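Going down the list, the sequences are from chains Z and X.
Take 1 as the starting number for the first sequence in my numbering and just add one per residue.
Take 494 as the starting number for the second sequence in my numbering and just add one per residue.
Be careful, since some hints might not be right.
Stated by the list, open to error - Once the Cα atoms are required to be at most 20 Å apart in a straight line, the calculated PhoX-like pairs of lysine-lysine come out as: (1) Z/Lys293 to Z/Lys265; (2) Z/Lys264 to Z/Lys465; (3) Z/Lys241 to Z/Lys84; (4) Z/Lys84 to X/Lys571; (5) Z/Lys293 to Z/Lys362; (6) X/Lys503 to Z/Lys362.
Unchecked claim - Quick list of the computed label-pair ranges, beta carbon to beta carbon: (7) X/Phe581 to Z/Gly65: 34 to 40 Å; (8) Z/Asp347 to X/Ser540: 41 to 47 Å; (9) X/Thr546 to Z/Gly416: 17 to 23 Å; (10) X/Ser540 to Z/Ala487: 47 to 53 Å; (11) Z/Gly65 to X/Ser552: 55 to 61 Å; (12) X/Ser540 to Z/Gly342: 34 to 40 Å; (13) Z/Ala53 to X/Ser506: 46 to 52 Å; (14) Z/Ala39 to X/Asp538: 48 to 54 Å; (15) X/Leu555 to Z/Glu419: 49 to 55 Å; (16) Z/Gly85 to X/Leu553: 18 to 24 Å.
Source of the hints: derived by calculation from the structure; they are not laboratory data.
Given the structure is predicted, the values throughout are model-derived calculations rather than measurements.
Just so it is clear, CB atoms sit at the ideal spot from N, CA and C, and this is done for glycine as well.
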Amino acid sequence: MTKITDLGVAALRDGVRDGTFSARDVATAFNDAVAGAKALNAFIVETPELALAAADSADADRASGNLKPLSGVPIGMKDLFATKGVQTTAASHMLEGFTPQYESSVSAKLWAAGAGMLGKLNLDQFAMGSSNETSYFGNVISPWRRNNGDTAALAPGGSSGGSSAAIAARLCPAATGTDTGGSIRQPAAFTGISGIKPTYGRCSRWGIVAFASSLDQAGPMARDVRDCAILLENMAGFDPKDSTSLDLPVPNWEAGLSANLKGKKIGIPKEYRVDGMPAEIEALWEQGIAWLKDAGADIVEVSLPHTQYALPAYYIVAPAEASSNLARYDGVRYGLRDLPDGANLQDMYAATRAAGFGDEVKRRILIGTYVLSAGFYDAYYTQAQKVRALIARDFDLAWQSCDLLLTPTAPSAAFGLGEKNADPLAMYLNDVFTVPTSLAGLPAMSVPGGLDAQGLPLGLQIIGKALDEQSVLNAGLAIEERAGFTARPDKWW
Amino acid sequence: MSVDPQTVRKIASLARIAVTDAQVDAMVPELNNILGWIEQLGEVDTSAVQPMTAVIPNSLRLRDDAVTDGDVRDAVLKNAPQAEHGFFAVPKVIE
Numbered sequence: 001m002t003k004i005t006d007l008g009v010a011a012l013r014d015g016v017r018d019g020t021f022s023a024r025d026v027a028t029a030f031n032d033a034v035a036g037a038k039a040l041n042a043f044i045v046e047t048p049e050l051a052l053a054a055a056d057s058a059d060a061d062r063a064s065g066n067l068k069p070l071s072g073v074p075i076g077m078k079d080l081f082a083t084k085g086v087q088t089t090a091a092s093h094m095l096e097g098f099t100p101q102y103e104s105s106v107s108a109k110l111w112a113a114g115a116g117m118l119g120k121l122n123l124d125q126f127a128m129g130s131s132n133e134t135s136y137f138g139n140v141i142s143p144w145r146r147n148n149g150d151t152a153a154l155a156p157g158g159s160s161g162g163s164s165a166a167i168a169a170r171l172c173p174a175a176t177g178t179d180t181g182g183s184i185r186q187p188a189a190f191t192g193i194s195g196i197k198p199t200y201g202r203c204s205r206w207g208i209v210a211f212a213s214s215l216d217q218a219g220p221m222a223r224d225v226r227d228c229a230i231l232l233e234n235m236a237g238f239d240p241k242d243s244t245s246l247d248l249p250v251p252n253w254e255a256g257l258s259a260n261l262k263g264k265k266i267g268i269p270k271e272y273r274v275d276g277m278p279a280e281i282e283a284l285w286e287q288g289i290a291w292l293k294d295a296g297a298d299i300v301e302v303s304l305p306h307t308q309y310a311l312p313a314y315y316i317v318a319p320a321e322a323s324s325n326l327a328r329y330d331g332v333r334y335g336l337r338d339l340p341d342g343a344n345l346q347d348m349y350a351a352t353r354a355a356g357f358g359d360e361v362k363r364r365i366l367i368g369t370y371v372l373s374a375g376f377y378d379a380y381y382t383q384a385q386k387v388r389a390l391i392a393r394d395f396d397l398a399w400q401s402c403d404l405l406l407t408p409t410a411p412s413a414a415f416g417l418g419e420k421n422a423d424p425l426a427m428y429l430n431d432v433f434t435v436p437t438s439l440a441g442l443p444a445m446s447v448p449g450g451l452d453a454q455g456l457p458l459g460l461q462i463i464g465k466a467l468d469e470q471s472v473l474n475a476g477l478a479i480e481e482r483a484g485f486t487a488r489p490d491k492w493w
Numbered sequence: 494m495s496v497d498p499q500t501v502r503k504i505a506s507l508a509r510i511a512v513t514d515a516q517v518d519a520m521v522p523e524l525n526n527i528l529g530w531i532e533q534l535g536e537v538d539t540s541a542v543q544p545m546t547a548v549i550p551n552s553l554r555l556r557d558d559a560v561t562d563g564d565v566r567d568a569v570l571k572n573a574p575q576a577e578h579g580f581f582a583v584p585k586v587i588e
């Protein structure tokens with residue numbers, strides 16, 4: 001029999017429903033996997049008792065004929081979602097020990113759907129990073145290693161690096177992620193799993209520690225497209241507590257899955273052929289095009305002329321919003337307080353924030369403060385928001401000739417920990433293919449396409465029109481069926 | 494545009510983040526590197542463009558003007574570094 005921890009969301013849900021195993025068996029198997037994988041440092045807090053409690057409810061619900069959509073499915077929760085009674089840190093010293101008295105809307109929906117929580121997953125501090133190296137609680141180590149005998153620790157991607165590592169290592173069948181500039185898609189690509197960032201406004205931001213509010217969006221990460229669809233159905237939906245939440249019905253994405261792309265036009269944006277892109281990424285992209293043709297789609301070349309300006313615009317807009325959002329950490333209402341002897345209130349603020357924020361968070365707050373400061377606001381922030389409008393318009397124009405876009409997810413496979421963190425700019429460039437979609441609020445997903453010569457996963461990104469998650473998922477499924485990606489990391493942890 | 498140590502100290506003060514001289518010296522080239530790269534946005538002609546205000550068209554909703562989150566004082570204070578007599582406490586402020 002297949003190991004329980006090798007099963008995904010749909011298989012666990014169906015297995016519990018059919019009585020193949022009990023929800024308690026499932027929770028126990030994953031709790032054991034989590035407990036045995038400390039070397040990956042994927043979890044900040046483990047909550048085996050919560051996973052078991054949800055499992056017992058699921059088993060009782062099965063006995064009484066009241067199974068819910070995710071009954072029997074334990075998941076990991078990125079430690080950016082406020083969870084009532086369970087420490088929520090955003091991987092920062094600032095929030096170490098913070099125990100929310102409320103539950104985020106997205107996690108509340110998942111628990112109401114029957115899911116259980118295995119623990120809170122590590123991430124880049126305040127979701128700022130692309131390698132999970134900015135966490136106050138230490139790096140997450142990717143379960144993947146190069147195939148040349150090299151045991152160098154590799155980045156699981158970021159910011160949802162605990163989520164990606166845990167899913168790839170079979171510590172959980174699925175997890176929540178959040179994506180501001182690529183934080184679901186890039187880690188998914190680095191670890192050979194799938195992840196979708198839905199349209200901005202699909203998932204409530206209420207109770208998610210805020211980074212850049214006009215970009216932040218929650219989404220699921222899992223090992224296949226169907227599992228992403230199932231999770232997303234149970235995360236999305238209108239929430240009056242989030243003023244940007246979309247008041248629209250949640251489609252039945254799982255039931256709508258179809259790998260037949262007949263009649264769909266797939267755009268290939270020529271500006272994404274960036275200088276210095278590894279030949280393997282190019283080759284994978286070509287392979288992806290062939291797979292989508294095979295699924296019945298027509299391929300057209302399109303132009304997104306402002307692509308090169310997306311990253312610099314993002315690195316104005318996101319830090320500006322972050323500097324504003326993170327002003328709340330002042331040592332008064334919650335979180336860390338650092339009160340030097342004889343300090344006044346202003347000194348306390350400055351000491352608290354110096355002690356509570358990591359270097360990358362400080363860097364972004366300072367950039368944000370600078371671009372919003374008197375005399376610079378128009379030159380930087382207003383100009384960036386105008387460029388953002390042009391980037392969104394590029395996509396609108398592209399939709400006149402295609403339904404979806406296909407691109408690589410990231411410009412390289414996973415890099416080694418420590419390889420890029422000396423140069424913030426080099427790290428930022430990792431998000432070159434994911435940031436434009438975030439700026440335009442569009443749905444996009446990464447699915448694994450294959451391995452590079454070093455045996456590391458590479459991802460393909462599918463971008464869709466606003467609210468058309470179904471087509472994105474369907475194209476993802478078409479690639480998944482043709483890629484036949486079954487590679488997984490050998491257990492060394 | 495580029496920043497000098499004095500500007501970095503001013504920004505840090507605006508952001509209420511205490512910085513040492515050594516930290517300022519390290520930040521100056523780092524921030525200039527990033528700001529220099531951001532500068533390329535100036536190339537884009539945006540004279541006929543309105544700045545984006547919402548990625549997905551959505552109008553702000555109004556709700557009834559009613560207290561919907563009251564009576565949770567203890568929960569609000571639960572994570573306070575220092576709470577006294579039902580209030581947040583801060584160091585003495587004398588202007």
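Q. Of the hints given before, which are not true for this structure?
A. 5, 7, 9, 11, 12, 16
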